[in-house]
Every structure is written in C-alpha cells, then in structure tokens.
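Trainee: Take a look at the letters that make up each chain.
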Amino acid sequence: MSEAKTIHNAVCTFCGCVCDDIELVVAPEGKSITRAGNACELGRAWFLEHRIEDYPVALVDGKEAGLEEAVDAAARILVEARFPAVYGLSDTTCEAQKEAVAIADFVNGNIDTTTSVCHGPSGMAFQGTGESTASLGEIKNRADFILYWGGNPVEAHPRHFERYSAKAKAAYLPGGRADRTIAMVDVRKTRSASEADIFLQVRPGSDFEVLWALRALVRGKYVDDSIEARTGISLETLQDLVERMKNCQFGVIFFGMGLSMTRGRHFNVSALLALATDLNAFTHFVANPVRGHGNVTGADNVVSWQTGYPFGVNFNRGYPRFNPGEFTTVDVLARGDADALLVIASDPAANFPRRAIEHLKTIPVITLDPKPTRTSQLARVAFTVAAYGINVPGTVYRMDNVALPLRPAFDSPYPCDEEILRAIKERVCELKGIGRREVA
Amino acid sequence: MGSELKIINGRVYDPINDIDGEIRDVCIRDGKIVESVADDAKVIDAAGKVVMPGGVDMHCHIAGHKVNLARKFQPEDHRHDVQPRVGALRSGTGGTVPSTFTTGYRYATLGYTTAMEAAVPPMGARHTLEELHDTPVVDKGFYLLLANNVCLNQLLEQGRHAEFRDAVAWWLNKSKAYAIKLVNPGGDEPWKGRKNSNVHDLDQPISGFDLTPRKIIKALIDVSNDLGLPHPAHIHCNNLGHSGNYATTLETMKTADGRRAHITHIQFHSYGGEVGKNPTSAARQIVDYINEHPNISADVGQVMFGKATIMTADAPLTWLLRNMSKDKWINADTECESGCGIIPFSYQEHVYTHAIQWAIGLELFLLSKDPWRMVLSTDHPNGGSFENYPRLIRLLMDKPFRDEQAKRANPKAIANTSLLDIDREFTMREIVIVTRAGPARLLGLENKGHLGVGADADITIYDEMEDKEAMFNAARYVIKGGELFIDNHEFRFDHEGSVYHVSPSYNPEIERVLKPFFEDYYSVQFENYPVSDHYIARGVTVPTGQSQP
Chain A
1 MSEAKTIHNA VCTFCGCVCD DIELVVAPEG KSITRAGNAC ELGRAWFLEH RIEDYPVALV
61 DGKEAGLEEA VDAAARILVE ARFPAVYGLS DTTCEAQKEA VAIADFVNGN IDTTTSVCHG
121 PSGMAFQGTG ESTASLGEIK NRADFILYWG GNPVEAHPRH FERYSAKAKA AYLPGGRADR
181 TIAMVDVRKT RSASEADIFL QVRPGSDFEV LWALRALVRG KYVDDSIEAR TGISLETLQD
241 LVERMKNCQF GVIFFGMGLS MTRGRHFNVS ALLALATDLN AFTHFVANPV RGHGNVTGAD
301 NVVSWQTGYP FGVNFNRGYP RFNPGEFTTV DVLARGDADA LLVIASDPAA NFPRRAIEHL
361 KTIPVITLDP KPTRTSQLAR VAFTVAAYGI NVPGTVYRMD NVALPLRPAF DSPYPCDEEI
421 LRAIKERVCE LKGIGRREVA
Chain B
1 MGSELKIING RVYDPINDID GEIRDVCIRD GKIVESVADD AKVIDAAGKV VMPGGVDMHC
61 HIAGHKVNLA RKFQPEDHRH DVQPRVGALR SGTGGTVPST FTTGYRYATL GYTTAMEAAV
121 PPMGARHTLE ELHDTPVVDK GFYLLLANNV CLNQLLEQGR HAEFRDAVAW WLNKSKAYAI
181 KLVNPGGDEP WKGRKNSNVH DLDQPISGFD LTPRKIIKAL IDVSNDLGLP HPAHIHCNNL
241 GHSGNYATTL ETMKTADGRR AHITHIQFHS YGGEVGKNPT SAARQIVDYI NEHPNISADV
301 GQVMFGKATI MTADAPLTWL LRNMSKDKWI NADTECESGC GIIPFSYQEH VYTHAIQWAI
361 GLELFLLSKD PWRMVLSTDH PNGGSFENYP RLIRLLMDKP FRDEQAKRAN PKAIANTSLL
421 DIDREFTMRE IVIVTRAGPA RLLGLENKGH LGVGADADIT IYDEMEDKEA MFNAARYVIK
481 GGELFIDNHE FRFDHEGSVY HVSPSYNPEI ERVLKPFFED YYSVQFENYP VSDHYIARGV
541 TVPTGQSQP
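Keeping their order, the protein sequence lines are chains A and B. According to this note's numbering, the first sequence is numbered sequentially starting from 1. According to this note's numbering, the second sequence is numbered sequentially starting from 1.
Note that these hints are calculated values from the structure, not bench results. Among the hints, erroneous ones may be present.
Within a straight-line C-alpha distance of at most 25 Å, the following computed DSS-like cross-link-like pairs (lysine-lysine) qualify [said to hold, decoys possible]:
#1 Lys246/A / Lys195/B
#2 Lys326/B / Lys221/A
#3 Lys42/B / Lys221/A
#4 Lys515/B / Lys169/A
#5 Lys246/A / Lys326/B
#6 Lys246/A / Lys221/A
#7 Lys6/B / Lys32/B
Predicted, not measured: the structure shown is a model, and the values here were computed from it.
From just these sequences and the hints, can you work out the full model?
Mentor: Okay, here's the thing in structure tokens:
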C-alpha cells in the first residue's frame, strides 16, 4: 500500500456515543491512522494511538504458543472446570459476543458482562419499573428540556451535546442550544454543569430523596421544606424544575453511573425511570442511560436475546438462570465459585474488588485483548487480538440500542475475538462430543 | 442422512392441491417435494397419522428491538419456563417472549416452520435480522413500519407520488423487509410531538402535516399493489382496542377501494359500543364486509386467557392500558419512524372486556365464509403466546369444548355475542387452511403451505387424536427443508431457516432526496443506514414487479 486511504463514515467505539461520522485517514504503510476527522479528543486518541505491536499471538503459561495449541488449552480449561465463567464483552463485536454466549451454554458456565459493574442496577430498575425511552435522533429532533443526572458528558462523552442533545440543531429545534433548556444534577460542579441553564448540586448520597420529592411534586403531593436540609436542594428549586418538566414539549433525563453506582443504586434508577413515566401524564417524557463502553449495549442485547436475561446469567443447570448478586462476576469470584475464567476485552484484575482479584489469581484465566493487561499477565492462556472497529468489522449497538456496522481502517496480523471464540467453541464441542448439526 | 425421504400411509391434508384426508405418499428430495424417490429412500410410516404442510404464522412478534426489550423486561416470565440445552441445540427461556433459539424450537415443536415478525422500524432492521439469524428452524421475514415515517409523510403531503413510491421501494430494499406494515397511521406525530395525544378519525388532520390517516393508508395500499409486493399492505388500524372502533376498521377497508389489503389482528378492531364504555361485538359487521370483498384479508389476533405481553408500535394504546393497570410500562420512540409500547398483561375469564375479546375472535373465525381470508393468529404475544395455538384449534374444531370454555367466562360478555348460537366446527381441512395454506397464499409464498411437487419440504406429521389440543401440541415428525428436525418427538437435526425479503426496483436518484433529509433528521449517517447482505446468512429474494389491480 503506497497511498493514504480514507475511510468515510467510520464508527468510533471508544464510548457509547458510537459516533458514525468519523473520517479516517490511514497512513501509506497501512499500519496506523494519521487523522480522525470529526472525532472528539477521546476518539482521536483511540484511533491515532492504535499501533500494531509485536506481541505473540498467544501465550500459554507465559510461553509463546501457536493459535491451535492455545485454543486447545483454553477449551480444555473450560471443559475441565466445574464452574467456568465468561466475562467482559463490552468492547467487542456482537458477532464475538454471540460466540461467547454459546461457549458458556456448551460448558454449562456463567456469562456476565461489564454491565454488572456499570449500569447493571439500571437493568434491574428497568425490569422493575419499565422505561420510557427514545433513540438519540428523536431527542435531537424534539427535546426542548434536557436533564443530565449523575454524569459528565462534556468530559466522558464529548460529542453527546453536539450530536444528540444540548447543542444539536434539528428540524424542529432550529436554534439548537437556544431552543432547549438544559438542567444538570450532580454532586459537584463539573465542566458539563457549567454549561447548564440550571444546576442542582445534590448532597452526595441523596439522589433518591431528590427524585422521590420530584415524583411527589409532579403528582401534586405535599413535600416538606426540610428536603433542603436533607439534600441540599430547596423546595422552591424542585418546584421550579417540576414546572419546567411538566410544561416542556418533549423532555428527557439522561442518567449516568453517578446515579446507578452510588448509594441507592437500582432504587435510584427506578425512582428516575418512574419520574419520567409519571411525567407522561403531562407531556412526552423519556429517560436514557448514558452508557460507557462502545458495545456494552450490544452485549446486553445479545445476552438477552440468546438467554432471556441481560447479564449475570448462569447455565450450570443446562439452562439460563439470572440472579444479579449471585451470577455477576464480581460475586462468583469473591465467593470463590468460579474455577476458570474467560475474559474478553476487559481487565478485571485491574478494577475488581480485592477479594475477587485474590480468587482470580488462584484459577486458570484465559484472556482475549489487543494489548497486554493486568489480567492477561495473570492468564494461563492469553490471546492477542485485532481491535474491533479499527481492524475488525462487525456490529455494535449505540447506547440507545441502535445497531451500526463497523468500518475497519486497516488489517491486523492478529485474529479477531470472533474467530478465536468460535475456534474455542468448536474445540469445546469436540471435547464434549457435541455434534455440530446432528443433535442426538 | 440421505436427502431422499418418503412418507407413506399418512392421511394427507393439502387444500391448495385439493387433497382432503386421502391416504397417499409424499416424496422428498433435496428439500423439495417430488413425484417419486428411489426405492432405498428413507421411509416414515405415517399410518394413523395426519400429514400436512408446516404451519405458517403470518403475524407474530419474535425478533428485534421491541421484542428484546420485552424479553429482558420480564425475568419473572422466563424463570418458570426453561428450555434446557439438548446436544448442540441451544438452551434458553420461554414465557410469553421466549429467547430466540427457544422461539424457533417451540414453533417447530408445534409443527410451524415459517413465522413472520410483524413490526420493525427500518432503523431496527439490522437488529431484527441479527435476532432472526439466531431464531432456528423456521423460515422468517419481517414487515416494515412505514405509516409514521416523517420523510414519507413529507413526500406525500407535497404530492410527490413518484418519489414516495421510490422512497418506499428504497426502504424495503435497504432494510431487507418482506412487506409494508401500517400501525396506527399518523398517530406517532401527536404522540411524540404533541404531548402524548393521538388521532382518532381517518379524516382528522395529523398535527404537523397537511395529511390525514386516510391519505397515508391509501398511499401505502396503492404502493404495495403498484410495486407488486407478494403481500399487500399489512394494516393495524387506528383506534385499536377502543369501543366502537369497528367503524374505523370498515372505513380503512373501504379506503382500499377494491385493491388488496390485509387487516391484521382484526379482533382488536371489531368492537361496537361507545368510546369509554364497555365494548360490544361488531364481529358480524366486520365479517359481512370481508365476506363481500375478496380484496380484503385478515388474521384474527385471537385473545387467549392467561399471560400475554402487549408489545406494539401503537404506543398511545399501551399508555392507556398502563394507566388502568399501573403496572410497569415501556415506551421506546424510534426517530422519524415509529413509536413502541410494552406492558405485561393477563387476560382473565371473569373480566367483561377480556371475555368479550375472546368471544369476538372466535365469532370472526366461525362467521367467516372464507377461511382463506380469515386466518389464525394470536398476534403473539399480544393476544397470548403462539404456544396457545393447539388450544385455539380445539376451540374451533370442538363445539362442546368451546361452549364449556365459554361458560367459564364472564356471562354478560358471552351473552353480548352470538358465540353460543354458532354450531360450526372447523374441519381438518379448514384448520389446515387457516394455519398453513391461507397464510402462505396471503403472503405470496408459492412454495409454502402445500405439498405439491416443487413445494418446500416443510411438513408436519401429527398423531390422529380425538383431543385436537393434544394432537396439535406436539408433532411426532417435523420436516424442515427436507430434513427431519423432529423425529418421533425428539430433536434430531439443527436447521437455520431462511430469511424471505423483497427487492423492488426504484430510481436511484431518490437518494438525492433522502440523503439531505437524513442529514437534518437522523442521528446515523445515511451511508451507515442500509443493512448489508452480510446480515442474511440464507436469504430468499421473493420476486416483485407484477403490479396488482
């Protein structure tokens, strides 16, 4: 390859925004990206810093190994284990995610995704309360009232404002930012908060109380002015917010991990989803989680359609069971249940609680990652894989459940997650005597 | 496994080929029905058994964004109904919204080999195809929601009919859909843009457009016929569930003006009475119209007592129901294209409305003179799961059973219908029509729904039994594409199933109109919107082009 190649409308998988308008210029040597037009600073770093480095394609017990040998070793670990667990999956394609669920099914193992450590509580709240929601384009087109709760889009999702929400110009709201009211609820004044029309600085750990008071006010119930002492927000401020929410044309609340992973967790999210539902008695109102990883929403979808449940699923009995707190990976590790772990595109050894990591260190681990991680350094079998979206095609789901096709920029010498997982699955089936088409 | 198979001694029902319970052989080679096979072909002795084509469900909700929301919404519905893994056949969960693999296996267990997902916004096509890929055994396809499409509505209100037609054809192509679906035409704009209001009259202007629901309905019926699609416009009428809505349904059918149209889950649109009060039965008025108008077909959308899940692109309806039950509710808007509402539901015998819905559905079946145009569905899972079909078949075939069930339901509701006065019992031939031959013909699937030479070898063999519910509950043999998926009640062979879609031609210049619209209104790039062939592992492009009168 001698000329620079340009990929139009490439899809960035750095965060859940999954911007699909990136213009990538590939260096003439075809091994790096020199320009990522339209990308934010996070997206630019994701694309421009990606290099094909010279790692072995696989390590078994720390020694370089061929692919076939490593696949066999991985399959044997999974087949021999009594409680193998599969984890990660939020930074890979749906095509790979499907293979991972199949492996868990065939080895009667456990499957869980990084949802269990980010918006898992939101998933549980959704099951209890329901959710009024919308694709991001509908919000862009219509939302004249936008409230962010427990998130910092300016720094975590830098193009969220411009593409989907606060600053987006749209057919029905041609003035963009000027046509919208932006409110922000957080425990500290972030860079996002300083761009809002209204900022409510809640006392840490009091989100639930604020949400419940808002629900009461929406329903015309009495709220005592002691709410201010409890939450840091005056009754008057809450009343003003409620009036704005009830009187808008189309309202939305975006919520982040500042809500789902702080005191109250799924109770917080339930309260927020119920608030958005209640407001539909007055106007059109929706709520959307702001998701982090590029394809964490795809993982929720794939695991759901294949098993019926979004995360924290266990196949020990030969069929799926769901129980967050029992079958979520932190718990299966911390309790010492899992006796093998297959990790795809995640680094639990770097960010799990100490007890979970201690157990992880005592069991055989298999990793698939484009780069060495803390977890891969502990792994019995470590695969180096091509990066999705940069080297690998496939499907990802944006945070609002819209599926998008990846447009890779250049080839990688490494196989992709899907190929390795499929090979492991096939080896598992061979070892267990499961015919691929013949059933009996 | 050889590719030749011969079914002998079975009682064969094949209404398309005028075979009504004759003992005869059926020969299969390479996935197709043939005249004869070699002497050493594998033989299935079907003595004492009934042989018929595989079932065709022309209206169900089994794949895509809305289905998956409903699926992960109800862990309580899965927990009690598990599907263990059998060899290479994947495990899953059931309930009213089963996981994808389980959906395929359970349809096949009942003897169904084709199922069409009935409501997909174009933006959800990619997701739907991903799920259909994981829905094994059955052949499948989906209908594309176009009656609340902002871009199409703009073309229509500006009278740009040629571009409207090209845009519809473009959308069918780019999403790999099978037919055009209308849901509550014109209702999304007031719902999303005017504080959750709705349209209630076909001639009421739609806020934001110089349009009425009638104009949208007419345009999409016309374009379906003009493009020569194998299945006509598939219409979920306005005012679903409201008392007195039969008048809207009649108006919708009249709007077709003699051209082909399909009214779906018509039971939900056959209510008399006044808005806001208890419904009465208007089954007679609806059936009379359809009996007289061969251009109209319908599926019933029978309600079955027990657990259901309401999931529909008719979001305002679910908000109404939610405010009665105060139970959990999902609303999910898709930009420029659709709305969606989901609630868990339960039809109860003692409740007046539920009992009359149940009875009206049965009246529609039993009063209809032409089973080819009034076919079986429960609008799975809206009226109940597809797993209720065997019971529904028994209700149609067995008058004493039906009356006994009716007596357990709200007596005031049953007395407000003619159900107890109807003596008709469906024959086996009529059951085969409403579950197989009829839907296949309405869908324009020429190789399905019959056992003539050249047909797809999708065949079900049931034990002949007095209790028709037991009989249809589990086929003894299910042959899909010429291979035995179920052999003597056991899963034998996995099968992927094909995706059926259409590809009508259009003027490519239409993209010059659509692209600027996308840039203004959509949140995805125009270039990333079309679904590539990669999402269909096995596809069948059904020909179009013969413009229908």
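Trainee: Evaluate each hint against the coordinates.
Mentor: Outcome of the hint check:
1. Lys246/A / Lys195/B: holds, 10 Å
2. Lys326/B / Lys221/A: holds, 18 Å
3. Lys42/B / Lys221/A: violated, 74 Å
4. Lys515/B / Lys169/A: holds, 17 Å
5. Lys246/A / Lys326/B: holds, 20 Å
6. Lys246/A / Lys221/A: holds, 15 Å
7. Lys6/B / Lys32/B: This hinted pair holds, its Cα atoms lying about 12 Å apart.
Comparing the model with each earlier hint shows a violation of hint 3 alone; every other hint is respected.
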